[in-house]
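Participant: Every letter in the sequence shown is one number past the one before it in the UniProt record's numbering, and letter 181, counting from 1, is 181.
If you're looking for bench data, these hints aren't it; they were derived computationally from the structure. In this text the structure is predicted, and so the values were computed from the model without any measurement. For each residue, glycine too, the CB sits at the ideal point set by N, CA and C. Hints should not be assumed to be uniformly reliable.
[Unchecked claim] Computed Cβ-Cβ distance ranges for the label pairs, DEER-style:
no.	residue 1	residue 2	range
1	R112	S385	36 to 42 Å
2	T383	D195	36 to 42 Å
3	D341	G276	19 to 25 Å
4	D302	D241	56 to 62 Å
5	R24	G318	37 to 43 Å
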Amino acid sequence: MGGDAGSPQLAVEYAPVREALADREATAFVHVGTSDDAILRYLARASGLDGELGMCVTPEQAMLFAPDSPDGAREAFPGDRVLPGGGDVPTGERVAVALEDLGREGSVLAPRSIPHDAALYLEGRGFEVASTSVVEDARVAKTDAERLRVRSVQMAADAAVERARAVLRESERHGGGDGHGHGHAGDEAEVEPADDHLAFEGMALTTERLRREVATELAGAGVDPGVVAVGAGVDATPRSDAALRPGEPVVVALAPRDRDGYHGRVVRTLVVDGDGGWTRRAQLAADGAVDAALAELEPSVDLAAVEREGAAEVSAYGFDDPASTFDAHGVGLARRERPLDGDETVREGAVVALDATVSGPDGVVRVADLAVVTDDGAEGLGTASRSLSP
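Please model the complete structure; the sequences and the hints are all you need to start from.
Facilitator: Structure follows, in structure tokens:
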């Protein structure tokens, strides 16, 4: 079974799928995709498999179609049979033929994301394809083992934020100026902002260098860095390459994942040689928004109510620009998953990201953490410091 050594094995409960088959009088559930597909990661525990995969669940058995190495797939697959996939025969056709060979007929259920060609192969064999969200529904509430996966990768994400802090803390200012990235009349040494920058280990520190440092920390902890984004004076992006400057908010946004595909999520904002001002007020607003939303989060609450609570806290600090936002959404085998819609009711066991963005005159300040919904509220999973100062 895939997963970190010493962690509980990740079983899959196929009962909800089979209940959906019975309720809809369908003969099978079918999906086709790659191991990056969250539905296949969940049903097949297929994170380590390459190529196009197929998944089929009938009332009697669960089957995985895996290319190249069916024997390797059997080690992780919690279902009943692993059959060859890929090659010259499209996976969708292989699934359709297998259902025919089993004597199955009638309608099959599939997620909306099933590839069009796979649906056509099924229809060509006489099966009617109907959409279902049963797997997405089942994935909302995480099991104890799944929550442990999220906690583990979140610990690695928090450690990576601390690595970013250390790099910024050890950086030196080059170029003079007033210590805040801007020259002003009356300063002892006026410089253009572009000349005022941070250097780490003798070289200019850029968003790209900081991303590499953070990604290395994540890889060293045994997790896939996933999305590592850094912004200098602007929101974080995964491809920027801008110099980091004193007094400028640096946004570090991370969404790593473990070998089973479970994601973490943390966002922090750091300022070297900051003077307070709007960034300090923005940090208080972002901190307060995440904490207020966490206090609102509980089973049966609408996700929109959680977002309203966070947004109200941001506005209470005077940040009412449309660019200042608060977002809440589920996290698991996908970076963004249910609960997603504002009118969706939050369920016990869900893992939710709480993300505040506060827009100011010289950039943005962001704070985001994960929380798991418990029977009577929610528990924050983040441990990384929220201090602006590295």
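Participant: What hint numbers does the structure not satisfy?
Facilitator: Hints 3, 4, 5 contradicted; others consistent.
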